[in-house]
Amino acid sequence: MNIDKRLVRKDSLEKLFDILKQNSKTIFAPVTKNGKISFDVAESYKAIATDYIQTTQSSKNVAFPRTEKILDYTKGKNSISVKPFDYQSIPETIIWGVRPCDAMGTGELSAIFNWDSKDEIFNNRLSRTTVFGFSCSKADESCFCTSVGGNPGNTVGSDILFTQMGENGDYLAEILTEKGSAIVTLAAGLFGKADKAEKEKYIADVPVKFDQNGIRNKLEKFFESEHWVEQSLRCIGCGACAYVCPTCACFDIQDESHGKSGSRVRCWDSCGFSLFTLHTSGHNPREVQSQRWRQRIMHKFSYMPERLSVYGCTGCGRCSRACPVDMNILEHLISIQEVSI
Amino acid sequence: MMDNIYMPWLMRIEKVTYEAPGVKTFMLKFINEEDQNKFTFKAGQFGEYSVYGVGESTFCIASSPTRKGYIECTFRQTGKVTNALSGCEEGSIIGFRGPYGNIFPIDEWKGKNLLFIAGGIALPPMRCVIWNTLDLRNNFKDVTIIYGARTVKDLVYKHELQEWERRRDVKLITTVDPGGESPDWKGEIGFVPTIVEKVAPSSANTIAIICGPPVMIKYTFPVLAKLGFTDESIYTTLENRMKCGFGKCGRCNVGKVYVCKDGPVFTLAQLKQLPDEY
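Protein sequences appear in the order of chains B and G. My numbering puts the first residue of the first sequence at 1, with every later residue one more than the last. My numbering puts the first residue of the second sequence at 1001, with every later residue one more than the last.
Derived by calculation from the structure, the hints in this document are not laboratory data. Errors might be hidden in some of the hints.
As the list claims (entries may be wrong) - Under the rule of at most 20 Å between Cα atoms (straight-line distance), these lysine to aspartate or glutamate pairs were calculated in the EDC-like manner:
| # | chain 1 | residue 1 | chain 2 | residue 2 |
| --- | --- | --- | --- | --- |
| 1 | G | Lys1256 | B | Glu224 |
| 2 | G | Lys1256 | B | Glu256 |
| 3 | G | Lys1272 | B | Glu224 |
| 4 | G | Lys1112 | G | Glu1232 |
| 5 | G | Lys1272 | B | Asp252 |
| 6 | B | Lys221 | G | Glu1277 |
| 7 | G | Lys1256 | B | Asp18 |
| 8 | B | Lys69 | G | Asp1003 |
| 9 | B | Lys260 | G | Glu1197 |
| 10 | G | Lys1080 | B | Glu256 |
| 11 | B | Lys75 | G | Glu1090 |
| 12 | G | Lys1261 | B | Glu14 |
| 13 | B | Lys83 | G | Asp1035 |
| 14 | B | Lys221 | G | Glu1033 |
| 15 | B | Lys193 | B | Glu14 |
| 16 | G | Lys1218 | G | Glu1197 |
| 17 | B | Lys218 | G | Glu1232 |
| 18 | B | Lys118 | G | Asp1003 |
| 19 | B | Lys77 | G | Glu1014 |
| 20 | G | Lys1080 | B | Asp252 |
| 21 | B | Lys83 | G | Glu1033 |
| 22 | G | Lys1218 | B | Glu14 |
| 23 | G | Lys1256 | B | Glu14 |
| 24 | B | Lys138 | B | Glu224 |
| 25 | B | Lys83 | G | Asp1107 |
| 26 | G | Lys1261 | B | Asp116 |
| 27 | B | Lys77 | G | Glu1090 |
| 28 | B | Lys75 | G | Glu1089 |
| 29 | G | Lys1261 | B | Asp252 |
| 30 | B | Lys77 | G | Glu1089 |
| 31 | G | Lys1024 | G | Glu1197 |
| 32 | G | Lys1256 | B | Glu287 |
| 33 | B | Lys83 | G | Glu1034 |
| 34 | G | Lys1261 | B | Glu120 |
| 35 | B | Lys75 | G | Asp1107 |
| 36 | B | Lys118 | G | Asp1262 |
| 37 | G | Lys1024 | G | Asp1169 |
| 38 | G | Lys1042 | G | Glu1090 |
| 39 | G | Lys1042 | B | Glu120 |
The structure displayed is predicted, hence computed values, not measured ones.
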């Protein structure tokens, strides 16, 4: 299929932003807060950060918020009324400035949330979200998207992928979905013709660092390896890796009560936490940190491909950047590839 | 409304039964009759029970699907939610969602002898399948139940134990740990694996269903093997920590196997395929 390619002038982006605002879209974009760049509601085009390789947090909180309501309840004298979360309350949202690795992550989250039973809370959020991917012109040593099936100009998961053609250049916009086309219709004058434009020379060079399928095959026989202990000795189980990850979907369900009424909420959790699998009896199937680290890698590179036919990593590199004790997933994967069983 | 998979049904506690210190059974009925009529489950499945404002907790459905119009759960008061549940009275309203997980394949067991082995608070997850098979008693040959607890007080379902004791078509052996007996105790004294070895039930044409604390299970498997039970003829039900009940929250997996979806019922042959992480 031929992708509809358009040219958007650099100075048209602000106009596009304003048109979306005028059409009551909520726009999440990378904004700087306390020295960190993360996805948050951008009130103006000027608030959007542009000079970054990777945001601190991924964009996953738009479709899978860190804490979200499942239901509300009110207790009466002899009764309880319970209201499910109202999907209609989800605003029409644009995520602006999504890196291709995060865009690919929505597919992986979707695989988890739709495995067998359908999680309509997630699905409704996603269906009201339009993803503006922005290709990467720069990468750093933590990036490894090309090793896990992605690339810095990957269209997967974006509704429109913007690629800036040179520093200070105009943007090539690839219109990839119906949601993307709807934006073009909304701001028709801003999307010019660009039939011949090629993006390849403008995107970052990210060399392939390991063979993903090779690692998957290796992991089949790697469960009992001593390597997990060696790799995780310095892990402090803080869970930062899971919180910055665009595909980690493990969650907890808790009640928040305010007197007679309250909500049941779902919140992010991490397999790295020691209490994650603890039974009430005191028995813990993943008792030590090496078992929890093994779970993290096995889930992403062995269990998910086997059960859901997708890998659980997009190579964004955030876990390596965020880790307070320098656990580097890329180094660890390469070492799994190299060690003999 | 039910397209929100986390929405529980509202259930009224019809009856509270005190079973043992800290252990209670709730008989639950759907507030909405329509929900009741639509609801079906099979032996071995579990659910999420919730006290609004406190949270959810996972237990098996302890009543048999042959007993229509209600479900029962039995729990020990140990954590935040079970403490709140324990404080609920007859008439209180709680949440329930389920059923989740796979089932005991009782259709495949027709014409066979059944041997149930349970320890302590692990009789509740087996009570469902015990009553299910007893309610279809003609389909099965000999039914033997070996049940042990730490002390006489800790034995749950005391009335039902008496009923099984009286029944001619059930062989019941109860035991308590050494030191756990009362002066008038007439049952066995000894740990469950020892008593299984002593009773030595025949493995010929027999399915063994076992549930209990990990240490009991660990020492009973070799006894069953010695008696000639194959790994395919031994069933158990795993209980891992869960939040969602349908393979998303990420807690209950043992390797690539999800206890909530692929289990909780496994044969010993299946367990042996799993990594040792449960």
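*Which of the listed hints are broken here?*
Those not satisfied are hints 2, 5, 7, 9, 12, 14, 17, 22, 23, 24, 25, 31, 35, 37, 38 and 39.
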